[in-house]
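Chemist: Construct the entire structure; sequences and hints are all you get.
Residue strings, one per chain:
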Amino acid sequence: AQSVTQLGSHVSVSEGALVLLRCNYSSSVPPYLFWYVQYPNQGLQLLLKYTTGATLVKGINGFEAEFKKSETSFHLTKPSAHMSDAAEYFCAVSRQGGSEKLVFGKGTKLTVNP
Amino acid sequence: DGGITQSPKYLFRKEGQNVTLSCEQNLNHDAMYWYRQDPGQGLRLIYYSQIVNDFQKGDIAEGYSVSREKKESFPLTVTSAQKNPTAFYLCASSNQGASSGNTIYFGEGSWLTVV
Chain A
928 AQSVTQLGSH VSVSEGALVL LRCNYSSSVP PYLFWYVQYP NQGLQLLLKY
978 TTGATLVKGI NGFEAEFKKS ETSFHLTKPS AHMSDAAEYF CAVSRQGGSE
1028 KLVFGKGTKL TVNP
Chain B
45 DGGITQSPKY LFRKEGQNVT LSCEQNLNHD AMYWYRQDPG QGLRLIYYSQ
95 IVNDFQKGDI AEGYSVSREK KESFPLTVTS AQKNPTAFYL CASSNQGASS
145 GNTIYFGEGS WLTVV
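Chains as they are written, first to last, in this note's numbering: chain A, 928 to 1041; chain B, 45 to 159.
Treat the hints as calculated values from the structure; they're not laboratory data. Keep in mind it's a predicted model, so treat the numbers as computed, not measured. Every residue gets a Cβ at the ideal spot worked out from N, C-alpha and C, and that includes glycine. Some clues are possibly wrong.
[Said to hold, decoys possible] Over 12 Å on every C-beta distance to chain B, these chain A residues come out as not near it, computed from the model:
no., residue
1, Leu960
2, Asn968
3, Thr999
[To be verified] With a straight-line Cα cutoff of 27 Å, these simulated DSSO-like cross-link-like pairs (lysine-lysine) come out:
no., chain 1, residue 1, chain 2, residue 2
4, A, Lys995, A, Lys1036
5, B, Lys101, B, Lys53
6, A, Lys995, B, Lys127
7, A, Lys1033, A, Lys996
8, B, Lys58, A, Lys976
9, A, Lys976, A, Lys1036
10, B, Lys53, B, Lys127
11, A, Lys985, A, Lys996
12, A, Lys985, A, Lys995
13, A, Lys985, A, Lys1033
14, B, Lys58, B, Lys115
15, B, Lys115, A, Lys1033
16, A, Lys976, B, Lys115
17, A, Lys1036, B, Lys53
18, A, Lys1033, B, Lys114
19, B, Lys53, B, Lys115
20, A, Lys996, A, Lys1036
21, B, Lys101, B, Lys114
Modeler: Structure (structure tokens):
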């Protein structure tokens, strides 16, 4: 069965600083990996996803993530944080041939300080 | 505009009542899902449906029921058997299921509070 661990339920950065949100997954077969963002009282919006091919994936709002099979990781980064990046971020995993379930991590709340 | 519409946004339920959350999508997606979100718990799958007139239980189906009579609609009923229903409920849909790597799109969510 797949699982996702997001390290750090809260991350705080200064505006203009690097954003790094960590995600490790467990899957017995090659995974499909996703990052979603959620603003307060709203649904989730896809930031980026990895299915096959290039392991460095670029998404919306300047975010990117790198799939590292050897480390079973899919960390989310952004070179320079903006105040509008303050939100909760969720990593999720599914796999080919698996159930139709997308398994989510517990989320990381990002605070951006001026 | 194409998307997923959930209603109502806020709903209050008295003890012992059943309530139904509506979810409609005009994306022509085959698969639809209901997730429950509690603070610090991430999202947990309640039910999902891959085709009309068929649905499967997720991880926390007890106390909930669904129907899928039309492709665009997937209502969720929270029954009185659900002991702790206060949560944020998210409806989602995708072209095919998660096992195909397809993106799952989410509605804006519905808050249910027991009073």
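Chemist: Each hint needs a verdict: does it hold in this structure or not?
Modeler: Here is what the structure says about each hint:
1. Leu960: The claim breaks: Leu960/A does not keep its Cβ more than 12 Å from every Cβ of chain B (closest is about 9 Å).
2. Asn968: Asn968/A is in fact no farther than 12 Å from some Cβ atom of chain B, at 7 Å.
3. Thr999: Answer for Thr999/A: holds, closest chain B Cβ roughly 18 Å.
4. Lys995/A x Lys1036/A: holds (23 Å)
5. Lys101/B x Lys53/B: Distance ~24 Å between Lys101/B and Lys53/B Cα, so the pair holds.
6. Lys995/A x Lys127/B: Roughly 41 Å between the alpha carbons, so the hint for Lys995/A and Lys127/B is violated.
7. Lys1033/A x Lys996/A: holds (21 Å)
8. Lys58/B x Lys976/A: violated (40 Å)
9. Lys976/A x Lys1036/A: Cα-Cα ~19 Å, so holds.
10. Lys53/B x Lys127/B: holds (21 Å)
11. Lys985/A x Lys996/A: Satisfied, since the Cα-Cα distance of roughly 17 Å is no more than 27 Å.
12. Lys985/A x Lys995/A: holds (15 Å)
13. Lys985/A x Lys1033/A: With Cα atoms ~23 Å apart, Lys985/A and Lys1033/A stay inside 27 Å; holds.
14. Lys58/B x Lys115/B: violated (31 Å)
15. Lys115/B x Lys1033/A: violated (30 Å)
16. Lys976/A x Lys115/B: Holds, at about 26 Å.
17. Lys1036/A x Lys53/B: Given that 27 Å is the threshold and the Cα spacing comes to 23 Å, the pair holds.
18. Lys1033/A x Lys114/B: violated (32 Å)
19. Lys53/B x Lys115/B: holds (22 Å)
20. Lys996/A x Lys1036/A: Holds - the C-alpha atoms of Lys1036/A and Lys996/A are around 25 Å apart, at most 27 Å.
21. Lys101/B x Lys114/B: With a Cα-Cα distance of about 18 Å, the restraint between Lys101/B and Lys114/B holds, given a limit of 27 Å.
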